[in-house]
Amino acid sequence: MECVYYYQGLQQGSSSSSGGKMLKSFSKMVSSWSLEDILNEDLYKHQVEKIPEIFGSVESYLSSFLYPLLEDARAEICSSLRSISTLPYASVKVFKKLKPYNECFYNVGVDRWRNILTKQKDKPFNVSPGDLFILADKRPGTVSDLKGRGVIWRFATVTKIHDEGALPSVLFKAEVFNMNNVNMGERELFVICIGSTTTNGRIWTALHRKGKMNIMTEILCNDSRQGEEERRSCSLQSDCCNESPKRPLITDLDDIQAKTVVACLQKISCMHKPTVEPIWGPPGTGKTKMTAMLLLNLLHLRRRTVVCCPTNVAVVEVASRVVQLIRGSHLVGNVLLFGNKDCLRVDGSVVTEIYLDYRLKSIKNFLEILSRCKDLLSPAMNFFYYADGAPLNVSSRKLFVKKLKEKFKACMEPLERCLSTLCSHESTDYILKLRVTEIRQFLDKLRAFSALLSSKNLSSSSEESEKSILSRLKGHEFFPALELLRASLCQLLRELLPHLASEHTMRKFCFDSATLIFCTASNTMKLHYPGMASPELLVIDEAAQLKECESVIPLQLPLIKHVILIGDQCQLRALVKSEVSRDAGFGRSLFERLSSLGKLKHQLNVQYRMHPSISYFPNQTFYRGLLQDGPNVNDKSYEKQYLPKSVLGPYAFINISDGREERERNGSSLRNLVEADVAVKIVSDLHKAWSLSAKNELSVGIISPYAAQVKALSERVGKVYEDDDCFKVTVKTVDGFQGKEKDIIILSTVRSNNRGSIGFLANPNRANVALTRARYAVWILGNQGTLQRSSTVWGSLVSDAMDRHCFFNADTIVEAKNNKYNDELDNLTGKLGRTLKI
1 MECVYYYQGL QQGSSSSSGG KMLKSFSKMV SSWSLEDILN EDLYKHQVEK
51 IPEIFGSVES YLSSFLYPLL EDARAEICSS LRSISTLPYA SVKVFKKLKP
101 YNECFYNVGV DRWRNILTKQ KDKPFNVSPG DLFILADKRP GTVSDLKGRG
151 VIWRFATVTK IHDEGALPSV LFKAEVFNMN NVNMGERELF VICIGSTTTN
201 GRIWTALHRK GKMNIMTEIL CNDSRQGEEE RRSCSLQSDC CNESPKRPLI
251 TDLDDIQAKT VVACLQKISC MHKPTVEPIW GPPGTGKTKM TAMLLLNLLH
301 LRRRTVVCCP TNVAVVEVAS RVVQLIRGSH LVGNVLLFGN KDCLRVDGSV
351 VTEIYLDYRL KSIKNFLEIL SRCKDLLSPA MNFFYYADGA PLNVSSRKLF
401 VKKLKEKFKA CMEPLERCLS TLCSHESTDY ILKLRVTEIR QFLDKLRAFS
451 ALLSSKNLSS SSEESEKSIL SRLKGHEFFP ALELLRASLC QLLRELLPHL
501 ASEHTMRKFC FDSATLIFCT ASNTMKLHYP GMASPELLVI DEAAQLKECE
551 SVIPLQLPLI KHVILIGDQC QLRALVKSEV SRDAGFGRSL FERLSSLGKL
601 KHQLNVQYRM HPSISYFPNQ TFYRGLLQDG PNVNDKSYEK QYLPKSVLGP
651 YAFINISDGR EERERNGSSL RNLVEADVAV KIVSDLHKAW SLSAKNELSV
701 GIISPYAAQV KALSERVGKV YEDDDCFKVT VKTVDGFQGK EKDIIILSTV
751 RSNNRGSIGF LANPNRANVA LTRARYAVWI LGNQGTLQRS STVWGSLVSD
801 AMDRHCFFNA DTIVEAKNNK YNDELDNLTG KLGRTLKI
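So for the sequence shown, UniProt numbering puts the first residue at 1; every next one is plus one.
Think of the hints as simulated: they come from the structure by calculation, not from any bench.
Don't take each hint at face value.
Claimed, not checked - No more than 20 Å apart at the CA atoms, straight line, and that leaves these computed lysine to aspartate or glutamate pairs for EDC-like: (1) 160 x 503; (2) 688 x 662; (3) 688 x 677; (4) 99 x 111; (5) 93 x 188; (6) 212 x 59; (7) 732 x 662; (8) 577 x 42; (9) 273 x 536; (10) 740 x 725; (11) 93 x 41; (12) 97 x 111; (13) 711 x 635; (14) 640 x 677; (15) 289 x 255; (16) 96 x 111; (17) 160 x 175; (18) 289 x 722; (19) 508 x 536.
Could you put together the complete structure from these sequences and hints?
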């Protein structure tokens, strides 16, 4: 096959950072597959081998991921094609070959996107570079339609998005593969979006890079002394190994968190010995808070660091924690976030001010205002020197003061905005700190002068002359600084303009001047561009959820010498579509592999999130009892009763024996409408009880492993609670809830059958995530018989709930209601009772 040929060629030849002559782009690899190849689950079955734990060389390390990557990409495309009728599609209105490019490149314009199954209905579907499409002369209802007689279709990838406002509504440049003189210009055409090749393409490129990687000896783990004396300091014992701050910032951290921060700072102070430092942070142990404090220390030390995560949501979470710690300080300009704006959802959030596009806009405004202020200062100053010494009558005196204020306002208001931007948003590594301090002092003087100019008694005396008014103003300490300020602004412009002459230089300026750079692991590929200053430290948060082959992208940054991995291997791995690749260990993270080899970890083992009744089962089942409950969760005030006199306490399993699992229409995911109705009824009762209470803020999460169940739950919840700022309800999949927490979690397990079959619900990591999101209460809806027959962690959970008297049948709940519930709340009746058929 063609793809095998290129793989073998790469093994024999060399490749540069751009891929070399032998490297075929990932999108071209995909386009070389026939439809039969994509649907063939055995295509790479015999080439995919188990990924080792220890590697003999960099070449064997990188090549071990190649076939699993190809196989997983095939499975992902296959999954999309099997549900092709549900994918976003549009009619093509423009299909024009581009010149002077070769015949593969076309301008493609479409009218509007249909089949948009987004959670935010008001947001349009956005095309992005790297998106993979099928271009066809017929809109297929099934994948077999692509095999129909006379049907012409080709793969295409988006290479560039044209400016907004272009007609038709969406216009982009695309590379259409294997045209082979086929004329599609005369036909009615459709494009169907089947996914993105961006991340896999970046991984593919990284796996074919060859070059020195400072950290690779620590990654390969081929030293027989692995784990031996890992905590020993650098043997050279030079001064650089003791450069950690004398008084590290460890505010609001417990002893274990503080010791972890200090230990990491000491380890990365050595510039001789590369290190990989794993930090193990189970749910609720303050991992994100500790990470933010560690990054704050690196920011103060001016250690250039790239901070990456597997997902945009995780990136924004850790970046927002850092911004909250430095907000209002001059350090904001040293922190940068970049990536897809729509995916990051930065508008109106706390991270807006560190987002790259916002910073570029600020710099442009800054330069414009700076130039204007420099030019406006001269006439403003000249006006101050004007005076004829003659007495003024009341009207002319008022006119003089009015004009003086206007001149001052025209210059000083934009100047204050400009200098505030300089002090707050631009990196102090490029603007001398001394000058920033002087400008801050000048702003204080400016505000005082403005207050004097606006005072009512400025010209209160009827005999006061224009000269005497000027004399009073000139006596203010602000006035002599005007000329010096103008000279300073001119010098500042001369210094900055070489760095900000174009969009390209502005972007480079932002990256080069940043100390902390936040992005996804995939997006660190942009830091490999020629001329880009490489960070020296790498911090990966949620590291256990990142495929190891994807972590190769940031690990290859040329100056990276120290890596800090923060995660928990007991939570969810990265998503892998192919069972063949999954069995080969393709979803395993670097964090998990190092943990399995006995790599020493810093351990955060005190949890501050969950009521002890909630943490008990996960602690015993997933963490071997290593977790300790913090003093806050052991306090009596942490036990809350949200449904007064209800049997539902902090932890409960509700047995729903009459539920029925079913597949959603036109889909493969499962749902259980009885469980959905029960969950929504419980939320309704919670809202009633909350409405009769003090109405403190309450957050509720309704989660399920199955997307179809989440859809059913979302439809039932609707917009009922959207307008209530204090009673928040969130509906998501378990996977989408990793890293989040709510006051109350209602978990719908969905599965209900006589076989004990529970599919991917059996994954213990997924169970761990589902059971550890709640602070005060977690209520689990499920079928006792199905879960116990599964012989998985869920069977153990049901048994545990019975042993701890936290198991409730429907009739038990109704009995409790009849005996204990007050008339005011009417809990778990009506629809709940009817749904459970009690």
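* Asked: Has the given pair, residue 577 with residue 42, been kept, meaning a C-alpha gap of at most 20 Å?
  -> Measuring from Cα to Cα gives roughly 14 Å; hence the hint holds.
* Asked: Holds or violated: are the alpha carbons of residue 289 and residue 722 at most 20 Å from each other?
  -> 29 Å, violated
* Holds or violated: residue 97 with residue 111, Cα cutoff 20 Å? -> With Cα atoms ~18 Å apart, residue 97 and residue 111 stay inside 20 Å; holds.
* **Pairwise hint evaluation, residue 536 against residue 508, where the allowed Cα distance is 20 Å at most** => 17 Å, holds
* Does residue 640 pair with residue 677 here, judged by a C-alpha cut-off of 20 Å? -> Violated, because 24 Å separates the two Cα atoms, which is more than 20 Å.
* Asked: Given the hinted pair residue 99 and residue 111, is their alpha-carbon gap at most 20 Å?
  -> It is violated: about 23 Å lies between the C-alpha atoms, which goes past 20 Å.
* To do: Compare the distance between the alpha carbons of residue 93 and residue 188 with 20 Å, and conclude whether the hinted pair is satisfied.
  => 9 Å, holds
* Asked: Taking only the CA atoms, is the gap from residue 732 to residue 662 under or equal to 20 Å?
  -> Since the Cα atoms of residue 732 and residue 662 sit roughly 19 Å apart, the hinted pair holds (cutoff 20 Å).
* Compare the distance between the alpha carbons of residue 273 and residue 536 with 20 Å, and conclude whether the hinted pair is satisfied. => 13 Å, holds
* Given hint residue 41 paired with residue 93 - CA-CA distance at most 20 Å -> 36 Å, violated
* Would you check the hint for residue 160 and residue 175, treating anything up to 20 Å between C-alpha atoms as holding? => Given pair residue 160, residue 175 holds - Cα atoms ~10 Å apart, limit 20 Å.
* If you draw a straight line from the CA of residue 96 to the CA of residue 111, is it 20 Å or shorter? -> Between residue 96 and residue 111 the Cα gap is close to 15 Å, so the pair holds against 20 Å.
Against the hints set out earlier in the document, violations occur for numbers 2, 4, 11, 13, 14 and 18.
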